[in-house]
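Visitor: Here's the letter readout for the chains.
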Amino acid sequence: MSKVKNWHLGREIEYPYDDHRPKRQWAIVFDLNKCIACQTCTLACKTTWTSGKGQEYMFWNNVETKPWGGYPLAWDLRILEKLGRQDWGAKGEYLGKTLIEAAPPNERVLHFFPTDEDWMYPNVGEDDCAGGTVDGGMHLDALPHDRWFFYLPRTCAHCTYPACLAACPRKAIYKREEDGIVLIDQARCKGYGECVRACPYKKSMYNPYTRISEKCIGCYPAVEQGIQPQCVVNCIGKIRVMGFISPPGQSRRDNPVDYLVHEKGLALPYYPQLGLEPNIYYIPPIHADRDYLKQMFGPRVEDAIKAYRELPDDPRAQGLLCLIGSTDRIIHKFDVKQGTAFGYDEQGAELVRVPVTETVIERAAFDSKLGAARHNTP
Amino acid sequence: MTKATLRTWTATLLCATAASGAACKSRKSKPGDGVAAEPPATPISALEVRAVTADLTAPDAAAAYWKNVPRGLVTLMAQPMVTPRPETTTTEQITVAAVHNATHIAFRLSWKDDERSEAGRLGEFSDAVAIQFPMRELARTPVMMGAPELPVHIFHWRAQYQRDKEQGKPTMLTLYPNMSVDMYPMEFKEAAGGTVEQQEGFSPGRAEGNPQAYQKSGIDEIIAEGFSTSAVQAGHSGSAHGVWANGTWTLVLTRPLAIDGGSVIAVGSETGVAFAVWQGGKAEVGSRKSVMMSWLPTRVL
Ligand code: SF4
Ligand code: SF4
Ligand code: SF4
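Line by line, the protein sequences are chains U and D. Going by the numbering used here, the letters in the first sequence line up with residues 1 to 378, in that order. Going by the numbering used here, the letters in the second sequence line up with residues 1 to 301, in that order.
Calculated directly from the structure, the hints in this document are not laboratory data. Any given hint might turn out to be false.
[To be verified] Derived SDA-like pairs (lysine to any residue); straight-line CA-CA distance at most 20 angstroms:
(1) U/171 <-> D/236
(2) D/67 <-> D/48
(3) D/282 <-> U/23
(4) U/238 <-> U/333
(5) U/53 <-> D/194
(6) D/282 <-> U/117
(7) U/171 <-> D/232
(8) D/169 <-> D/236
(9) U/238 <-> U/312
(10) U/171 <-> D/201
(11) U/23 <-> U/312
(12) U/171 <-> D/229
(13) D/112 <-> D/246
(14) U/5 <-> U/303
(15) U/53 <-> D/201
(16) U/53 <-> D/172
(17) U/53 <-> D/44
(18) U/171 <-> D/246
(19) U/53 <-> D/183
(20) U/53 <-> D/197
(21) U/91 <-> U/112
(22) U/5 <-> U/88
(23) D/282 <-> U/346
(24) D/112 <-> D/102
(25) U/53 <-> D/229
(26) U/23 <-> U/254
(27) D/169 <-> U/112
(28) U/3 <-> D/83
(29) D/282 <-> U/88
(30) U/171 <-> D/57
[To be verified] FRET-style restraints, in silico, Cβ to Cβ:
(31) D/297 <-> U/105: 48 to 56 angstroms
(32) D/209 <-> U/224: 52 to 60 angstroms
(33) U/105 <-> D/102: 43 to 51 angstroms
(34) D/209 <-> U/51: 16 to 24 angstroms
(35) U/224 <-> D/102: 56 to 64 angstroms
(36) U/104 <-> D/180: 39 to 47 angstroms
The model shown is predicted, which means the values in this text are computed figures rather than measured ones. Using N, Cα and C, we set each Cβ at its ideal position, and we do this for glycine too.
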């Protein structure tokens, strides 16, 4: 076992391989306050990558309704239950064990192994507020807690310390030096399913037709051409941005992902306590239960919500949020000047510019020139 | 995509599978199943391979020559060297007998396994056995998968591969009989005159030529030089057939004594063999297996 630095946890953790960060690290930031569970991302990925045999059940991108939903069923509850209670220290450092540290002596990673049936209900719990038929009323009224829920879109997190990679006895999983994307070598995998067992996020999936495992490929063919992944560029809610995240000490104020994660502390990794340093980051939903959010996003959640509430006073962050979803290209740098947000590519060429506040145009309801009445549709 | 559409879509694809029951899980045996009753076996520390006058090119567990061959018991234990490994030993013993006819060598193996497992669906694994031979100096070759420059030659039989050989590679419909799928784009390609290669592009494992993704012919022949190095060889020189009955697998594997680029066994010489067993029903696969801790010295008479 090596000791590697996990900045999500503010300490060193155990990992079977030495510390070796890629040249840059793929990352997606999601604003959970804006996701509408339209599943466009899910289908964008599905139609691009998993329309083949043995992939019928696969959703490399899925959107589940928290707290009830989960694909596969209760993936998060089951791994949290296995890990047991763990604590964070007063300074935000993690005092508990990671999944690798908590593994029994005969295993590489503490895990649970979902059954076939667990994968069959990808949308369970979505908007499940009705008590059966319409006249059944809202069964949420019967629940012993406040009414809240939120949608959680998920892809593979292309973890800095992937459990899937750690668990593969054939060394068929690798993390790319150029962008940190984690891939299963489709020529080398033998379908042992160790990655399916080990990935706590359950983003490694078994293909019963090819009899080997597959996972989200981070849309690397697009990323290599400077284009964001399918699930990002097709997002209807414009809640996602893909870019490259720096380790905290090397954060750049003009890098969109660095800005949201490191500079503003707006976006947080999910279930960081599992210890993989996952690279999908979430702006927490401000109306959801705080204890639940703390369990999911760690102790910095209050600060992230505070930062979110202060956005109206921060034109730079506002500008960046407007840039999200405005271009298919990867924004390497951004700037906000005089009410306009600019996105630039790696070479510094302008990709897009958007107004931070859209101009409001008022027009008469009846257009006498066209002889037509206008409807209030944008 | 609206929620309703997605739901219907996933429901047609997925929920149907729930109703199909354990189509490919374990099966009850038919009594007999062509295996001769087992004479008693005693623990051995070395194996004698006697010469017989018989055709050994095809595996035959019921052949008369097995009646006169001593059967030895060999102890296995949970693979102890690398993680992940089984928590406890699932297969404690394997019964072994072997014969040769100057060109081929045949092994007759049997071991207890309460449940017959052929894998197929998600989270299912296959019963399996492996016979390993040293390719160079026996004394220096580690019994656990060999080492660099000290390769081992492995014959890996899986119930799953045997089903492939006998019934063809299962289709998605054989695995999930009640599933329904609206369309596979790859099949539209076929209708539109697409090439096989274009279709395979939708199946990464097949596009990459991964042998797992293609129909197997009963066994894999593997060469390894240590853990994590095993590589499936093209072509087959051996063949195997297993029968599960009354909680026991009985399997015969036969191979030429000399295999080009593989292991070579000379009549009158001493070599070694090692066995490993996987119980699919106990989620054993890969490094989760029962193994021998040392080579079984083997004298080819
Ligand atoms: S999310 Fe899971 S599958 Fe993806 S890199 Fe991390 S451990 Fe591997
Ligand atoms: S990054 Fe690409 S492969 Fe991964 S979930 Fe998104 S669309 Fe699918
Ligand atoms: S496309 Fe965007 S808004 Fe729609 S479900 Fe996916 S992440 Fe949410």
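Visitor: For each hint given before, does the structure comply? Return the numbers of the non-compliant ones in rising order.
Guide: Failing hints, ascending: 1, 3, 10, 11, 14, 17, 18, 21, 23, 24, 25, 27, 29, 30, 31 and 32.
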